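**Q** Sequence:
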Amino acid sequence: MVDQVKEKKKQLQEQQQQQNVDPENPETESSRFFCESFCSALSRLFSLGCLIFLVFGFAILLSAIFWLFPLRSLRRHHANEIVHLNAPVQACFRLRKPASELISHKGKLEMEIFSSIDLRNNTKVTVLSLHQSGASNFTHVKFGVLPVPTNHRMTKHSLTSLRSSFVNLFAKRRSYLNLTTSTFGKPTSFQVLKFPGGITVDPLGLEPVSGLLQLLFSFTLDFSLSEIQDKVDLLKNQLELVLHLELFESFRVLLTNHQGSTISPPVTVRGCVVSTMTTMEESHVQQKFDHLARPSAKNFGLDNSVFGEVKNVSFTTYLEGKVLDSASVLALTPTS
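The opening residue of the sequence shown carries number 173 in our numbering; numbering runs sequentially from there.
Honestly, the hints are just simulated from the structure, not real lab data. All figures in this text were calculated on a predicted structure; none of them were measured in a lab. It is possible that some hints are incorrect.
Pairs of lysine-lysine, DSSO-like flavour, derived with a Cα cap of 27 Å [as the list claims (entries may be wrong)]:
{"#": "1", "residue 1": "Lys296", "residue 2": "Lys278"}
{"#": "2", "residue 1": "Lys328", "residue 2": "Lys403"}
{"#": "3", "residue 1": "Lys278", "residue 2": "Lys358"}
{"#": "4", "residue 1": "Lys296", "residue 2": "Lys366"}
{"#": "5", "residue 1": "Lys344", "residue 2": "Lys403"}
{"#": "6", "residue 1": "Lys344", "residue 2": "Lys328"}
{"#": "7", "residue 1": "Lys470", "residue 2": "Lys366"}
{"#": "8", "residue 1": "Lys280", "residue 2": "Lys269"}
{"#": "9", "residue 1": "Lys366", "residue 2": "Lys280"}
{"#": "10", "residue 1": "Lys408", "residue 2": "Lys358"}
{"#": "11", "residue 1": "Lys328", "residue 2": "Lys408"}
{"#": "12", "residue 1": "Lys328", "residue 2": "Lys269"}
{"#": "13", "residue 1": "Lys408", "residue 2": "Lys483"}
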């Protein structure tokens, strides 16, 4: 009986081994089963990761297309290149508003600039560009003044009036363009980019000039009008020291850029010494000239580290004095 039980148990064990193990190579069969299970799991894992990566990448691409590109297009506006080239007068200023808010009000901005600078009916204002750089909310506004029709030239009277408006806006260093504050904010940093016939600035805005002109001189500095404007007090003080002015004498300085730009060098500096005396001695005028000509007055007494090298120097002396008024100061040019 016991032998029958043992025999039956042995048969049962053999049946189980036949079901789970290759009778010829049991170790190989077990290893194959393990590899197939591992590869199957790994394949499912990688397939899921690739799918997630593709979905995520596609979402980023869609975001870039539908958000970044429209946003960039709203951060700037540029007029036709032909309009840029044909605008004889160009200027710029800054508005503390994003360009995306200004583009839809471009027409209104042009009308308000036109009204602010007192233009004539034979001219028009065109916004040449609206450019917002980086994450800043400031927009750089560039505009041009064109004749109407555009194939005509601006009249001399229009240019004279416009030049005066531009000089006043620049010299104040804060733009007083009369713009709607709720729409455009306060305009700042007015600069002239292009003006036919050049542009001259009286940077100190002193009282009207009158008296006898004694000495007129000019030289050029490799700076822009805007840069010299920031240093004009120092410029005037250093020139006055080398001129040895008397109590009855005054000194006026004028700055000119012949290309009509306040941001491009060079600048021609014109200085004149005016006396309130009704008569003057020739020796006194000659002494002024000698002060500037002596070696100690090299570089016109200007600090080379601040103003650079003085170039293209010219003088004119008026030994008997020349009657002078404010209107004639702007037209003065040394003859030698």
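**Q** State for each hint whether it applies.
**A** Going down the list of hints, with the structure as the test:
1. Distance restraint check for Lys296 and Lys278: the Cα-Cα separation of roughly 14 Å lies within the 27 Å cut-off, and the hinted pair is therefore satisfied.
2. For the suggested pair Lys328 and Lys403, the alpha carbons sit about 32 Å apart, so the restraint of at most 27 Å is broken.
3. Proposed proximity of Lys278 and Lys358 is supported: the alpha carbons are some 16 Å apart, at most 27 Å.
4. In summary, the hint linking Lys296 to Lys366 is supported, as the alpha carbons are separated by about 16 Å, within the 27 Å threshold.
5. With a C-alpha separation of about 14 Å, the suggested pair Lys344 and Lys403 falls inside the 27 Å cut-off, and the hint holds.
6. Distance restraint check for Lys344 and Lys328: the Cα-Cα separation of roughly 25 Å lies within the 27 Å cut-off, and the hinted pair is therefore satisfied.
7. Pair hint Lys470 plus Lys366 does not hold up; C-alpha atoms about 33 Å apart against a cutoff of 27 Å.
8. For the given pair, Lys280 sits about 15 Å from Lys269 by alpha-carbon distance, which is consistent with the 27 Å threshold.
9. Among the hinted pairs, Lys366 with Lys280 is consistent with the structure: their alpha-carbon atoms are about 23 Å apart, no more than 27 Å.
10. The suggested pairing of Lys408 with Lys358 is violated, with an alpha-carbon distance near 31 Å, which exceeds 27 Å.
11. At most 27 Å may separate the alpha-carbon atoms for a hinted pair to count; Lys328 and Lys408 exceed this at roughly 32 Å.
12. Proximity of Lys328 to Lys269 is assessed by CA-CA distance (about 35 Å); at most 27 Å being required, the pair is judged violated.
13. For a cut-off of 27 Å, the pair hint linking Lys408 to Lys483 stands: about 17 Å separates their Cα positions.
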